Amino acid sequence: AQKVTQAQTEISVVEKEDVTLDCVYETRDTTYYLFWYKQPPSGELVFLIRRNSFDEQNEISGRYSWNFQKSTSSFNFTITASQVVDSAVYFCALSAEILTGGGNKLTFGTGTQLKVEL
Amino acid sequence: KAGVTQTPRYLIKTRGQQVTLSCSPISGHRSVSWYQQTPGQGLQFLFEYFSETQRNKGNFPGRFSGRQFSNSRSEMNVSTLELGDSALYLCASSRDGSSYNSPLHFGNGTRLTVT
Numbered sequence: 008a009q010k011v012t013q014a015q016t017e018i019s020v021v022e023k024e025d026v027t028l029d030c031v032y033e034t035r036d037t038t039y040y041l042f043w044y045k046q047p048p049s050g051e052l053v054f055l056i057r058r059n060s061f062d063e064q065n066e067i068s069g070r071y072s073w074n075f076q077k078s079t080s081s082f083n084f085t086i087t088a089s090q091v092v093d094s095a096v097y098f099c100a101l102s103a104e105i106l107t108g109g110g111n112k113l114t115f116g117t118g119t120q121l122k123v124e125l
Numbered sequence: 006k007a008g009v010t011q012t013p014r015y016l017i018k019t020r021g022q023q024v025t026l027s028c029s030p031i032s033g034h035r036s037v038s039w040y041q042q043t044p045g046q047g048l049q050f051l052f053e054y055f056s057e058t059q060r061n062k063g064n065f066p067g068r069f070s071g072r073q074f075s076n077s078r079s080e081m082n083v084s085t086l087e088l089g090d091s092a093l094y095l096c097a098s099s100r101d102g103s104s105y106n107s108p109l110h111f112g113n114g115t116r117l118t119v120t
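In the order they appear, the protein sequences are chains A and B. If you read the first sequence in the numbering used here, its first letter stands for residue 8, the second for the next number, and so on. If you read the second sequence in the numbering used here, its first letter stands for residue 6, the second for the next number, and so on.
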């Protein structure tokens with residue numbers, strides 16, 4: 008079975024602060040992908056980043072960065088210099104090859120509501 | 006390029022009725038997935054279609070069904086609606102439907118309210 012846990016239900020920050028969203032996952036599969044999606048009030052989920060289970064190199068893309076550690080089964084996401092437009096619900100998700108049989112099936116965490124205030 | 010289009014945006018139905026939701030994927034995308042989002046259960050996978058075939062199915066009762074047409078458009082149907090079916094139903098498409106690592110592109114969803 009797969010499981011994704013986002014312990015932070017809601018985070019409030021002041022604009023320009025850095026914020027890290029935590030994600031812990033469980034899977035027995037050795038081949039899997041991790042994703043972060045953003046859901047603004049309009050409802051659609053927007054793909055942000057993905058990382059495969061064989062690549063623990065952490066990266067930075069603009070104001071986004073992520074920290075993937077297999078040893079702790081964590082895939083944390085950081086927004087640097089947060090902006091009001093970053094306010095949304097952020098979801099961590101997991102997709103494993105064996106479980107999907109090659110298809111596309113995401114297991115989502117419960118989401119973290121991020122509020123960025125002026 | 007147009008995104009994933011879901012119709013209708015809002016729907017109100019009565020218990021016992023049935024409902025059909027529609028999804029048009031991004032042009033060229035052959036895989037379509039459906040997810041249910043509720044405050045209590047969060048985002049849950051319903052099913053995935055690729056080349057008109059259901060490839061994966063989540064843990065939902067048989068009242069939930071779907072299909073995909075030759076142009077990749079998809080519909081999902083819920084029969085004998087229950088109050089607990091009230092949710093945001095999200096459709097997503099991906100370009101490479103054969104790959105579990107493909108990012109999904111989501112529509113704005115259909116908000117279904119069952120009274």
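Treat the hints as calculated values from the structure; they're not laboratory data. Bear in mind that the values here come from a model prediction, so they are computed numbers and not experimental data. Quick reminder that beta carbons are idealized off the backbone N, C-alpha and C, glycines included. Wrong hints could be hidden among the right ones.
[Stated by the list, open to error] Straight-line distance between alpha carbons at most 30 Å, and here's what the computed DSS-like set of lysine-lysine pairs gives: (1) A:K122 with A:K77; (2) A:K45 with A:K23; (3) B:K62 with A:K23; (4) A:K122 with A:K45; (5) A:K45 with A:K10; (6) A:K45 with A:K77; (7) A:K122 with B:K18; (8) A:K23 with A:K122; (9) B:K62 with B:K18; (10) A:K23 with B:K18; (11) A:K10 with A:K122; (12) B:K18 with A:K77.
[Unchecked claim] Over 12 Å on every C-beta distance to chain A, these chain B residues come out as not near it, computed from the model: (13) Q42; (14) Q49; (15) N61; (16) G67; (17) R78; (18) N82; (19) T85; (20) L88; (21) N106; (22) R116; (23) T118; (24) V119.
We went through each hint and held it up to the structure:
At roughly 29 Å between alpha-carbon atoms, A:K122 and A:K77 fall within 30 Å of each other, so this suggested pair holds. Annotation: proposed proximity of A:K45 to A:K23 holds, straight-line Cα distance about 19 Å (limit 30 Å). For the given pair, B:K62 sits about 42 Å from A:K23 by alpha-carbon distance, which is inconsistent with the 30 Å threshold. Annotation: proposed proximity of A:K122 to A:K45 holds, straight-line Cα distance about 13 Å (limit 30 Å).
Under the criterion of a C-alpha separation no larger than 30 Å, the hint pairing A:K45 with A:K10 is consistent with the structure, at around 19 Å. As the CA atoms of A:K45 and A:K77 are separated by approximately 23 Å, the hinted pair is consistent with the 30 Å bound. Taking the CA atoms of A:K122 and B:K18, the gap is near 33 Å; set against the 30 Å cutoff, the hint is violated. Note on A:K23 and A:K122: the hinted pairing holds, with a Cα-Cα distance of about 12 Å set against a maximum of 30 Å.
The suggested pairing of B:K62 with B:K18 holds, with an alpha-carbon distance near 25 Å, which does not exceed 30 Å. Among the hinted pairs, A:K23 with B:K18 is inconsistent with the structure: their alpha-carbon atoms are about 44 Å apart, more than 30 Å. For the proposed pair A:K10 and A:K122, the alpha carbon gap of about 25 Å is at most 30 Å, so the pair holds. Straight-line distance between C-alpha atoms of B:K18 and A:K77 comes to about 46 Å, which puts the hinted pair past the 30 Å bound.
Not every beta carbon of chain A lies more than 12 Å from that of B:Q42, the smallest distance being close to 9 Å; the non-interface claim is violated. A Cβ of chain A approaches the Cβ of B:Q49 within 12 Å, the least distance being about 8 Å, so the stated non-interface status is violated. Not every CB of chain A lies more than 12 Å from the CB of B:N61, the least distance being 5 Å, so the non-interface label is violated. The Cβ of B:G67 lies farther than 12 Å from every Cβ of chain A, with a closest approach of about 19 Å, so its non-interface assignment holds.
At roughly 17 Å from the closest C-beta of chain A, the C-beta of B:R78 stays outside 12 Å, upholding its exclusion from the interface. With a cut of 12 Å on Cβ distances, B:N82 stays outside the contact zone with chain A, its closest approach being about 20 Å. Every beta carbon of chain A lies more than 12 Å from that of B:T85, the smallest distance being close to 25 Å; the non-interface claim holds. Non-interface call for B:L88 relative to chain A: holds, since the shortest CB-CB distance, roughly 21 Å, exceeds 12 Å.
With a cut of 12 Å on Cβ distances, B:N106 falls inside the contact zone with chain A, its closest approach being about 4 Å. Non-interface status of B:R116 relative to chain A is broken: a Cβ of that chain comes within 12 Å, the nearest being about 8 Å off. No Cβ of chain A approaches the Cβ of B:T118 within 12 Å, the least distance being about 14 Å, so the stated non-interface status holds. Consistency note on B:V119: stated as away from chain A, and its beta-carbon is indeed over 12 Å from all of that chain's, at 18 Å minimum.
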